[in-house]
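Chain A is already provided as a structure; the job is to place chain B on it using the hints.
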Amino acid sequence: MAEKRKKKLGIKQRYSMLTRGLGWDTTYQDMDKVFPYDNYEGIIIHDWEGWEDPFRLTMDAYWKFQSEKEKKLYAVIDSFAQNNGHLGITDARYVNALKLFLTGVSPLEYQAARGFTHVGRQFRGVGPRVACQMQAIDELRHVQTQIHSMSHYNKYFDGLHSAPHMHDRVWYLSVPKSFFDDARTAGPFEFLTSISFAFEYVLTNLLFVPFMSGAAFNGDMATVTFGFSAQSDEARHMTLGLEVIKFMLEQDERNIPIVQRWMDKWFWRGTRMLALVAMMMDYMLPKRVMSWREAWDIYFTEAGGALFADLARYGIKPPKYADIATKEAEHISHQAWHIFYNYTHAAAFHTWVPGKEELDWLSEKYPTTFDKYYRPRLEYLDKEEKAGRRFYNDTLPMLCQVCQIPMGFTDMDDPTTISFEVSEYNGDKYHTCSLGCKDIFDYEPAKYVQAWLPVHQIYQGNCGGAEVPDVLKWYNFNLGADNLEYNGSPDQKLWDEWQAHRKKA
Amino acid sequence: MSLEIKTNVIQPRRHTYDHIAKRLGADKPASRYQEGTWDLQPTTNFHYRPTWDPSREIYDKSLTAIEMEDWYSFNDPRQLYYGTYTMARHKMMEAEENHFKFINKSNMMASMNEAWQQKVKEFLLPMRHYEWGANMNNCDCSDKAYGTAISQVALFAAMDRLGIAQIISRVGLLLDDSTGKSLDQAKVDWMENDLWQGVRRMTEDSFVVKDWFELLVAQNLSMDGVVFPLFYQHFDEAGQQHGGAPMSMLNEFMQDWGKDEKRWLDHLLKVTAAESPENAALLSKWASVWTDRAIEAFTPIASHVLGGGADEAMTSIRMEITKRAQKSGIEI
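Keeping their order, the protein sequence lines are chains A and B. The C-terminal residue of the first sequence carries number 505 in the numbering used here, and the numbering is unbroken. The C-terminal residue of the second sequence carries number 332 in the numbering used here, and the numbering is unbroken.
Chain A on its own, in the form it takes in the complex (with noise of 0.2 angstroms):
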């Protein structure tokens, strides 16, 4: 009887006694001593308490959902090493999508971990501070996940023994390496404007998705795994996203212009970075699951579309140049593609030219400018390396100022034409590879001018020495193993062997 007696509290106010209850105001040591950075950006916030929780978790149903996920994954992980699951993906050449995100985003997903414990100290509300937290914790989940499927194929494959080490030195991980940093050093609210609203709710459908789908199309049933697991994680975190753009929106109009400019500007900078997942999806996939054109047309033109109408009505307009990106989207592969064919002697995973029919492929998807600007380039490319004369790249490229990607891009108006941008300050030139990329760099001199440019440092003698295998050394490369084409390669003999093998037995 006395138990029915008692008022049972709604999900929302428990929550909220559970959690922002637990604050208090400073009064012995002064609030702006005790949360420093939190108003140094411009942002105004009048009343921390309108921030709406985004989800609403308490750490005991935390440690139970996640432990049950946990549970589950790590099961598919063992099974999967004690039964050779390598061998049932479609081909070796899937292998280099996983090398590209185990050196290039697992790491992402701790510079995230580091990340959110920051502001999730730093903010002086309750409500944001416990939010970010939960992320952070489950970044680290994401990383060690990541690095724990991936081990198995690290035992049989090249180019994923040394993730960390590269993702500090090796001149194409620089791009997201200094996206993040970009990110990191960033003020608090900027950082979840770029992490939070741009890469995880904005892009997300554009680069974690396109990685998880392309191993449940290519038989790699542990990323696969992970990426189904780690499903409601992102979920909740694209809920995050969208909560901290309408509380600063909501809490002042002179958040406005602020909250716009960082949006044009991660807008821009995450889909530099998304030339990457691009040239993955259309080249590195044995089994295609759609091309770059149509996942943007669907996840940036339509969601995106839709998510910025929201906006409208506080005064929000759609990312400066997207409508450039879009233009890019026809484009943007078959130029990262063959930067990375260029230098594929330089880089920890292998290139090559696509057989015919997944040229014809390319040339259905895209029907006015592949079969105009790249399928004869490709041709040409696998002509040559069929008369033993492979072409490699000698010169050192030029690199963007601010998204550190080879200046190869072209106008998108004029395929033949290199696009790119310059900068005077404090009496140096600057290049840019794009108006977007150079409005950046314009807003901020003073910290791109700080950027660590892998080829400037190569030129100064700062990586490992004067030849090109002394960098590549120093990269802690195998040598003809790790990079260079992959016809001929270890990983394309070793597959060849267990596949005839499978077939006798």
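These aren't lab readings, by the way, just hints derived from the structure by calculation. Any given hint might turn out to be false.
Unchecked claim - Computed beta-carbon distance windows for the label pairs:
| hint | chain 1 | residue 1 | chain 2 | residue 2 | range |
| --- | --- | --- | --- | --- | --- |
| 1 | B | Ile10 | A | Pro36 | 49 to 59 angstroms |
| 2 | B | Ala21 | A | Asp442 | 37 to 47 angstroms |
| 3 | B | Pro12 | A | Asp394 | 28 to 38 angstroms |
| 4 | B | Glu296 | A | Ala446 | 45 to 55 angstroms |
| 5 | A | Asp394 | B | Ala21 | 29 to 39 angstroms |
| 6 | A | Glu444 | B | Thr44 | 17 to 27 angstroms |
Since this is a predicted model, take the numbers as computed values, not measurements. Note that beta-carbon positions come from the ideal geometry of N, C-alpha and C, so glycine has one too.
Showing chain B alone in chain A's frame:
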């Protein structure tokens, strides 16, 4: 005779990642803790300095005066990475949840002497704010720590403290028929009652400690070194004569957690002090200052609950901290 399932054996080309093999001294199979921890944190070639503090790098060894040749000298003796961490905590929480259910179902809180119920409200419920402070401090340590090994134990501890704050809050809801009134009163006590001002002042002062290792010592060795034995042993024992059995059940999570904290913390202090006499001296200084403060800050509440027994309890607690520190090579 044994069963033998024939499988297709393929020789692996390597047994673990290169950086792991380097630390193991050979290419041999590594544990999930090792692969999921070692060298995960970036160490070099950072692109930009933080706009919020340009004096430092994103990851920076100089954020503490402690110096280590290798920040992975410490390894969590519990071998916790995310997966094993959540599984271990879920197991502890499942037991705690059963206690809550049982006490709720049998209306057991009512069997507790009313004066003691009031006492519990006074000494335990304001501690939800202390735990929230411990969450902030461990979050800060995890943020600033160098290397994944220490950063991740601090993050786990931070989440644990949020969990403990929530358990304490639920005790309040059991005591006040889920109205939340007891929690409101506990906050008033925390903010205004003289019994708590020393603790709150100490907590707030800890929020502005710059050196993260000092903060780690202050929070986890000194303050927690007083809190866990005082609240969950001495106060628990004092409750026995007032029908405090349900509280003993609910204290189980905190008692187990306190033991678990000692396992990693004492090992971390030992490894750090053994590195150099300079490290040992710093740890000794911090431990001495903060233990004195913690003893002083918690004495009023100890007297409120234990009366004349408070001195003896505090003396034994101080001895216990000193002994633990000594075992780790730290003189208080």
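| message | Quick check on a hinted range of 29 to 39 angstroms for Asp394 of chain A and Ala21 of chain B, using CB atoms only. | response | holds, 32 angstroms
| message | Tell me if the beta carbons of Ala21 of chain B and Asp442 of chain A are separated by a distance inside 37 to 47 angstroms. | response | The hinted range 37 to 47 angstroms holds for Ala21 of chain B and Asp442 of chain A, with Cβ atoms some 46 angstroms apart.
| Can the suggested window of 45 to 55 angstroms be confirmed for the beta-carbon pair Glu296 of chain B and Ala446 of chain A? | Since Glu296 of chain B and Ala446 of chain A have Cβ atoms about 47 angstroms apart, the given range 45 to 55 angstroms holds.
| query | Can the suggested window of 49 to 59 angstroms be confirmed for the beta-carbon pair Ile10 of chain B and Pro36 of chain A? | reply | holds, 55 angstroms
| message | Against the range 17 to 27 angstroms, how does the distance between the Cβ atoms of Glu444 of chain A and Thr44 of chain B compare: consistent or not? | response | 23 angstroms Cβ-Cβ, so the 17 to 27 angstroms window holds.
| Do Pro12 of chain B and Asp394 of chain A keep their Cβ atoms within the hinted range of 28 to 38 angstroms? | holds, 35 angstroms
Of the numbered hints stated above, none is contradicted by the structure.
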